[in-house]
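Peer 1: Here the structure of chain G is known, so what remains is to put chain P in place on it, guided by the hints.
As they're listed, the protein sequences go chains G and P.
Going by numbering that gives the first Met the number 0, the residue at position 347 of the first sequence is 346; the numbering climbs one at a time, nothing skipped.
Going by numbering that gives the first Met the number 0, the residue at position 139 of the second sequence is 138; the numbering climbs one at a time, nothing skipped.
Just to be clear, a hint being listed does not mean it is correct.
[What the hints assert, rightly or not] Here are the computed distance ranges between Cβ atoms for each label pair:
| hint | chain 1 | residue 1 | chain 2 | residue 2 | range |
| --- | --- | --- | --- | --- | --- |
| 1 | G | E325 | P | K15 | 55 to 65 Å |
| 2 | G | R132 | P | A69 | 19 to 29 Å |
| 3 | G | D215 | P | K15 | 42 to 52 Å |
| 4 | P | P73 | G | R194 | 27 to 37 Å |
| 5 | G | E149 | P | K132 | 45 to 55 Å |
| 6 | G | N145 | P | G50 | 49 to 59 Å |
| 7 | G | E50 | P | E166 | 45 to 55 Å |
| 8 | P | L164 | G | R2 | 53 to 63 Å |
| 9 | P | E208 | G | K323 | 26 to 36 Å |
| 10 | G | K375 | P | K183 | 24 to 34 Å |
| 11 | P | L164 | G | E142 | 48 to 58 Å |
| 12 | G | K248 | P | K15 | 23 to 33 Å |
| 13 | G | M5 | P | G50 | 41 to 51 Å |
In case anyone wonders, no lab produced these hints; they're calculated from the structure.
As the structure is a prediction and not an experimental result, all values here were calculated from the model.
Yeah, the Cβ is synthetic: ideal placement off N, Cα and C, and Gly gets one too.
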Amino acid sequence: MSRETMNVEERVWAAINLEKPDRLPVAPDCQPAGAAKLTGRTQSVVANDPEEALNAELEAFDKYGGWDMYHMAVPSTNINTLFLGMKVKLPGRELLDNEPYQVVEEEVVKLEDYNNIIEGGWQNFFMNDLLYRIAHESDNIPELINKIQEIVQKAFQEWAKRDTYVPCWAGDLHPFFKLSLTRSMIKFTEDLYYRPEIVEKALDRMVQETIKTVIDKVRATGSKIAWLCEERAGGFFYPLPIFEKYWWKYTVQIVDALWSEGIISLWHLDTSWDKNVHYFKKLPKGSVILHFDGTTDIFAAKKELGGHLCLMGDVHPSLLSLGKPEDVENYVKRLIDEVSYDGGLILSTGCNVPAAIKPDNFKALVDTGKNYEFSK
Amino acid sequence: MAEQLTNLLVDLKNEKFLSQLKDRATKEDPVKILDECKRGMEIVGERFEKGEYFLAELMLSGQLFKEASAILEPYLLESGAQEYRGTIVLATLKGDIHDLGKDIFATLARAHGFEVHDLGVDVPASTVVDKVKEVQPNILGYSCLITTSFEPMKEATEEIEREGLREKLKLTVGGGATDEFTKKYLNADFQTTDAAEGINYCLKVVGGELNE
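So here's chain G without its partners, still in its complex pose:
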């Protein structure tokens, strides 16, 4: 059945460059919580042991026949979840063994901290202060940071042995998202409405740091794509004037700075962006990949952005957890027929592979993505 004429990297780049690949590139966002379910591990094992988290991802990849891109190559575990800037509850510690890790919505950054961020920068504030506010009493921070370096090296070596394209070794959260997570959503929204000047000053400073950090990391790792994340800025949450002034303006700065260095930015965009999709048309053609989570209407986004930007997604976590394999198969076919018919789509899960995924549904996603076009 296979009529593949491109290698994994060529296939992914064809989609990014808005050309028609030999077939749709497949890239489920398989983080440890989903990989645990797919490989029979507990959530506790993958959340507390970075090596086991990576092993779960590698095993899931091998077990389901592999796929074209593994864009988040370093597993998200007890270590790097700290970099969300929030307190984390872990399975086997505060949660039951088979419950996935979860973050706590709490005001860990106080109003008075804005001045420290504006004066000293986010990175300085985070490493020397915030990290110690959110860490669990059992966390040894220097040890955890060393462990991250080890696991990055191991992930680099292990993925290089497999036939998959692993482009993202650099990434960051949008500064707006960092403030929303760490101030807590309601407090940050109060800041935006009642004391916007200080937010703007902080974002001005933070966005320059994000640009520098990401470009430096990309240069150091030889990446071509940088991962960026935002889950709280779209039209689901904020009116367009707020979005324009405190998110879009900074996003354009980030995208332009990366694009001028030849770097594509892959935006992980959770929640509905239906009201904002048209803004992305203003970005340079082919400069970003937009990863939607199944709540943004990807079919409408295709009409708006088709031929201009590559889309990614968007099999909904509920469908993957509760649906039947034929439901998943039908949805993937619809994505191929209506979004990928002329290229410009990377097939993925909406957000990450969910912790309650049915293995047969995962198989249906990967297999339909790889075979449907050749079966027609």
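Peer 2: Same frame as chain G, but now just chain P:
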């Protein structure tokens, strides 16, 4: 004066709103003042429906309403019991500790005159069943942000069915991890990711619009 308090809430003039509210609470009928705040929340809801307001304004007005309710509470207690439009039991089930969406919904529901029994997060199915038995709500609402709480929601629903309580209430489910598949799986009456849409559904339930 009444219109002013309502408008201050709608326009999110937080400082003026709270200052006027505190001043009036000592002198006027607290039920009347609370009604003015509820009217403000209704207007916010109407603007949300028209697409003029967003979740941000729902959250901020909800916060103001919450503060107003806390200020008025001692005066309301003195003046006697409030009347409710209906009763809602709300929970985020076992395994899920996210409370943001649930809390927003609870505040909006209270602002729309519902008695809300918010059971919190990480709630065992048995606690939901016990509370439903106790208060016999018009609406049972599940909030859900992660897929691993699908099974505890299913367990609670099946127990409610076995107890013969399901026919007496409407079951709603909301949150980022939910969609039509979740609704079908739980045999729920309604699903949404939009808190204001959820409130409208609850208003229809108690308004008798869904009694077919």
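Peer 1: Hints broken by the structure, by number, lowest first?
Peer 2: Hints that this structure does not satisfy do not exist here, as all of them hold.
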